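J.: The residues making up each chain are set out below.
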Amino acid sequence: MTAEIIVVTSGKGGVGKTTTSASLATGLAMAGKKVAVIDFDVGLRNLDLIMGCERRVVYDFVNVVHGEATLKQALIKDKRYDSLYVLAASQTRDKDALTQEGVEKVLEDLGKEGFDYVVCDSPAGIEKGAHLAMYFADHAVVVVNPEVSSVRDSDRILGLLASKTRRAERGEGAIKQHLLLTRYNPVRVAVGEMLSVKDVEEILGINVVGVIPESENVLAASNAGVPVILDDNSLAGQAYGDTVARILGEERALRFLDAPKKGFFQRVFGG
Amino acid sequence: MGILDFLKRKPEPTAVVAKERLRIIVAQERSTRGAPDYLPLLRNELLEVIKKYVHVDLEAININVERDSGHEILELSVALPDHAQPKAG
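As you go down the protein sequences, you meet chains A and B in turn. Read in the UniProt record's numbering, the first sequence has 264 at position 264, and its numbers run on one by one without any break. Read in the UniProt record's numbering, the second sequence has 86 at position 86, and its numbers run on one by one without any break.
Any given hint could turn out to be false.
Claimed, not checked - Derived PhoX-like pairs: lysine-lysine, alpha-carbon spacing no greater than 20 Å straight-line: (1) Lys34(A) with Lys77(A); (2) Lys12(A) with Lys19(B); (3) Lys79(A) with Lys34(A); (4) Lys34(A) with Lys128(A); (5) Lys19(B) with Lys198(A); (6) Lys72(A) with Lys33(A).
Hints are computed from structural coordinates only; laboratory data are not their basis. Since we're looking at a predicted model, the values are computed, not measured.
So that you can see chain A by itself, here it is in the shape it has in the complex (with noise of 0.2 Å):
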């Protein structure tokens, strides 16, 4: 048995690929797949800050790969979520500590193990660390913001999906690339100060797969290490559970992407 590899990825830093990796991997779980979410960032763990796990971490993926320490005791149960798992990067260990064949050896393990899909968390960048999230991944979550120089990296970043994995090496046909786009403001982009969906959609040369709004949600969900999909209130939330819904082959129209209608004493007053 083979898990599906989806990894987060996006070229520039802070863009949102914890929040989505972790909110990913929940809404995964909660469809009734089994899920293990990797942090790659190894030197810079902050998955497990995300995922509320942190002070549950005794061995990580070095460990793993190092034969330090076995998968099942390595892999941390989440607490909410009976299928989910998370294995956090080593805060010790520089990026050289992982390698090719131990990172195959853990994907083929999970495998093994019944997992439906894992999760590879990318660190920003494109050095070491970033190929190795990406190299043996079946699909590929390309986080954007609406800012040009996010844009710029995700199309470096689209051009090396396509031809540094193996399934581009092996010619097993392109992995599956999925574009989304967060810390959207509807109302910036209303008045011409923000990029639309459809101008990073043109420019990319490929549709989103999902839009996360601006949200103050996110950080609240980030100071509580709850993966801001369990939100259900916000709209970031029900949108990361769109995402996810999709991601999954349902089909679902986009949400939240209009600015809000001024009510009517907004619009005679001002405010």
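Here the structure of chain A is known, so what remains is to put chain B in place on it, guided by the hints.
T.: Coordinates of chain B only, in the frame set by chain A:
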């Protein structure tokens, strides 16, 4: 806000500027993707040579690498100015 402000041309929304800049840079980077690392340097050195004869900008030189069943073609185009004036001397 002055009473005649409505007569002034509105500045272009910044998102439009961003889109246009991205469209150009993304197209340029895609055309050289996977190409040899020496291409930018080659482009600059070619510019130096061409400049000895005509005035052209770096943007006038386009280098493309195309892959075609088993072989690669290095395509080079130089857009000469409308009235290419040979350098005196």
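J.: Indicate, hint by hint, whether the structure satisfies it.
T.: Hint check results:
Of the supplied pair hints, the one linking Lys34(A) and Lys77(A) holds, its CA atoms being roughly 11 Å apart against a limit of 20 Å. Restraint check for Lys12(A) and Lys19(B): satisfied, since their Cα atoms lie roughly 18 Å apart, inside the 20 Å limit. For the proposed pair Lys79(A) and Lys34(A), the alpha carbon gap of about 14 Å is at most 20 Å, so the pair holds. For the hint pairing Lys34(A) with Lys128(A), the CA-to-CA distance comes to about 27 Å; that exceeds 20 Å, so the pair is violated.
Annotation: proposed proximity of Lys19(B) to Lys198(A) holds, straight-line Cα distance about 10 Å (limit 20 Å). A C-alpha spacing of about 18 Å is found between Lys72(A) and Lys33(A), which places the hinted pair at or below 20 Å, so the restraint holds.
The earlier numbered hint that this structure contradicts is number 4, and it is the only one.
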